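Could you fit the two chains together into a complex? Lean on the hints.
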Amino acid sequence: MFFLTYLRRELRRRMRQALVIAIGLALGIGLVITVTAMSSGVRAAQGKILGSLYGVGTDITVTVPVKALSGSGGFQNITPKPYARHHDTLQSTTQGPISSSDLAAISRLRDVTAAAGGLVLTEIKVTLPSPNAPPASFRPPIQLSVTGAQIGGRALGPLSVARLSSGRGFTAADASADVALLDSGYAAAHKLKVGSEITVAGPRFKVIGIVRQPGDSSPPEIYIPLARAQDLAPRMHGMVNIVYVQAASASFVGTVSSEISGLMPSATVSTSGDLAKGVSGSLASTSKLARTFGTWLAVLALLAAFAVASLLTLAAVGRRVREFGTLKALGWRSGRISVQVLGESLAMGIAGAALGIALGLGGALLASAVAPHLTATVSTTNIGKNAFGPAGTNGGIFNGTVGGPMQTFANPNATHVVAVPFSAPITIGAIVLAVILAIAGALIAGLLGGWQITRLRPAAALARVE
Amino acid sequence: MSAAGMADRTEPPATAAYTLTGVGKTYPKGRRTIAALRGINMAIGKGEWLAIQGRTGHGKTTLLQILGGLDRADAGTVTFQGRDLTQMPEAQVTRMRAQSIGFIFQTFNLVPTLSAAENVEAALIPLPSRPAQRHRRVMAALDSVGLADRGRHLPSELSGGQQQRVAIARALVKEPQVLLADEPTGNLDQATRDEIIMLLETLWHSLGLTLVVVTHDTAVARRAQRVGILTKGHLSISKNIQDR
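Residue numbers (the working numbering), protein chains in the order written: chain A, 1 to 466; chain B, 1 to 244.
This is chain B alone, in the form it adopts within the complex (with noise of 0.2 Å):
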């Protein structure tokens, strides 16, 4: 990253990608409430890396999964886009979960029967495209993580490493505005981790996504404009976790 970008680390950028107001969400435990958010209000803005980090149970996965429509939240707004996902029918959510969202997950989530290049393909399937073009699609999206020549390997036939990369490949395959990640790296070794994050940093800038990450890893962190600290659901953001 050049000195220009750190310093642009510094404030969101002018136009949100997600502007939140108020969100909170609870779940039901036996005959108890838990509040997993409450009284969430921020803005992300577009092509901006915002870091997501917290203890565990401190709602880090629901705030990221209400962010990818994968849940809603009970209080609040979400707008993304310019509307708001909590008023949103279902089919409209998954649409844009199809067309504008990507998901990296800590276990990587492939399909073990589906070949690294099918699984990439595989987040073509809800979008208009022909056989051809999403080919030629998946080719490009492993080629940009190093895995041109592993498209016919199950997940099994490849590393951890290797299989995160085939999930980064699968969440940008469809050019997302936003990438959302839940713990990337939390299932990686330190190598192959810095990897993953050159990776990331390197698709970041070149694509200008949004990237939403949910990480305990302080590396992770460290790269991103800005830092969220969630504590027992109450939201602070910092700056760049460089100044705390």
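Isolated chain A, as found in the complex (with noise of 0.2 Å):
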């Protein structure tokens, strides 16, 4: 076919400039494929971190603050016996109670697909020392997080992405058992395992699963049933202190958030988005990196490789007046001659999404091996703010006491880290988009061109002198 026969004999004959244009291209679409794979790590690593705070799938959370505790809080409650040396306790320290009625008419809400209780307490043990005790025999208090899990339904909060080390998960048949599972860090550090007991606020509770979070998170130490959280936590019977409510899509988050302000015009309604914000730390700086920066070095490096691949063809075409003079005098139309020249810069630009994305996989495969975790900081303060209640309510003697995201909220003003690995996936989007951005940039270059040989006069072409 005379074309395509015109068009190798054309690139073969032009072999330089054709590689710096291939190339050109080649490297902006390389970025583009790096950084959307970055962007997409990033974005996956804020899923797992809010995953492993929120729990998969949770899409809003609801909290009540506290408004007895205003002021005080955290061992100040603690009310000890007369004589008694030993106390441990279990307290919510700084969310309000939910009632099972407002729970229920969360879950009745027309695009709420599903809606969990549960009951974040601080389990506070203290051992007093004898009045004639040498002050060195003090011991500090010991504060540990305790989760109430929802047993049945659908998997929402914490325990939804935990993964079982050993033992078992919590059954129909556990709602009102002195069951736990402990986390595997924690279980680790006191050598406990499963079978092992451990006492939470009185009871023995036995050990039947330990369960790993994702991502490195800090996560509660203990889960114990709901029922028997509601149980030992003063005040808590048939209540909740958190719920986690699954909205029907993405779409219905706000709709669904502002339906629960309505309901419960007291509660602090919080959405992923609103946790998101109050991420700081590597993965924060990350990804205000590919959002800002990598974003604008892949959209300069695309318009410079559009920039070369134009500014290349424009000159190949002024190079070849004379033979363009030449067809048209032949009788080539000018839409002819164009279709050519676009056919030679689209088989460059393929050429360049070929070798864009051998590069852009290898740039990613680069950044994935490279990259060291990122750590998420999860200030209290904000998060006290906006999930769980007012910040500034719960301070204690415990400030300054850092352990699971939910015991974080004994201390508006201590931060909770979490390190995820970064990885930098490709998706079929990402390398079609290239794909497309490559044929695109040798489009613009071949109709500019097309655009040239439209305008050029067939007699002042014959007149160039090459």
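Treat the hints with care, as some may be off.
[To be verified] Facing chain A, according to a computed beta carbon distance under 8 Å, are these residues of chain B, among others:
hint : residue
1    : Q65
2    : L70
3    : T94
4    : R97
5    : F103
6    : T113
7    : A123
8    : P126
9    : L199
10   : E201
Hints are computed from structural coordinates only; laboratory data are not their basis. From a predicted model like this one, the values you see are computed outputs, not experimental measurements. C-beta: ideal position from N, C-alpha, C; glycine also.
Spelled out as structure tokens, the structure:
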């Protein structure tokens, strides 16, 4: 076919220029693929972190701030029994109770797929010294994060992402049993395993499973059935202090949030977006970097590649003016000549796309290989205001203690650090986008060349001295 | 050329291929306007060989380009096959060039990346024809200029005379009614020039072409039926160069 023969011969003749255009496009495309992959990786990391804090599938959390504890809380709420030396209490230090009727009302909202309640509690264990004991015998209080998890129904909340390391998870038969799941880190630190026994606010609980939360997060140490947590925590019988809500789709999150706010005017309704705003650290920096610098870098590289391709194509057309003038003299329409030039540009674009995909894959692999773990620092101040009640209502004597995600409520100024491995996954969509961009760049260059050819007067073209 | 043929050169044929009336063309040059052609009136007969001579810059190539529809006159009318080229839409002029007009250039203007056969085939691309049919016509055209065995050669692998023969084959492959040649022997040595002149004359005679040749070369002009002299855009035509 004449078109292909002419195209092939021209590309061979202008091999160096064709390579420059293809490499220019490839660099732009490669950057777009790498940046897109890194952005996807950052988004995935954010998703993991939010998942570890919220649980998979949770779009909204609902909490109620504690009213009575304003200006006090934590250890100050413990009322020692006369002559008792050991105190082991379970408290909701920062979140007020939410009734089961409110939970049911949320569940019934039209755009809510599922709602589950939980009790986020802090266990405080204090051993008071005897009156004559020396000061050195004073033992600091122990604080643990205990979560009462709802059993049955759709998996929402912190346990929804946990992986069972050993033993088993909760079953419906465990609803009122003194059984517990332990976080693997806590279990290892205290040499606890399946079959061990622990005390939670007095009663002994049998450890039935060891779980691991993803993303090196700092999860609650102990999970017990919700009903048992309600029994053990004062003023929490039949209550929960957090509701995990799953909306029918992401587009309904705003609507559902508003509906819940209407149902419970005093509640703090937080979406995953609100929580994401409170995340800082290298993850946030990388996210910002990918969103701003990375995007701009890719856009600039693409524009530069397009400009290089266009300028070189225009220069090539300029050098071939007499050739095109001759073709016009032979009766070739401007459109037919433009199509020929467009074909040459497209061939270079396709070569650039192929090379760009290879570069992009290499870039993404390199980024995955050399990138360190990303850390996300979740500020309690932000979260306290948004998702988990007002900050500053719970300063107790345990300030500075950092525990699992829910333990941080004991301290509004504390931070919670989560580390996640970074990977830059390349999707088919990113590759398709790259091919489209390369071809678009080539088309722009070819169309500019074609436009120049259309404007060419045959007589002037033939008069051009080469 | 036969004696009868020589006798035919004195008058233009009765039927005109071209009729030019008051044709003018100007070019801007800086702030000035240069008149390349001034009030040209002439008829070129069908099957006539007309040579156009004149000093460089006096409008020879401009006149040839207007005849070929490569440029448009600013004034007057250029009638070709009964239609005024100055009023014809560009697409129709292009189609007319593709079907009816062949060009030969001083610098051959072959596409350097295409072989001799492909260069000739390029003239058939705008016309509706199948590849096999095109191939036959290309080989016939190359054969008519004595280059049937050089079809696969690139222009850079051919001598100047051979390149001009390829250009002639390219001009003739579509079987045009008119052949417009701009200094066809200008880049050739004397022996090659004579070959090309012989070839043009043979083809003109056998194909019944209307041949308009712009040339500085008296040897070429001497073969023409009539010679036009362009001086500062004004055309004067003599019946036969041998009369001058």
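- Please write out, lowest number first, the hints stated earlier that are contradicted by the structure. 9 and 10
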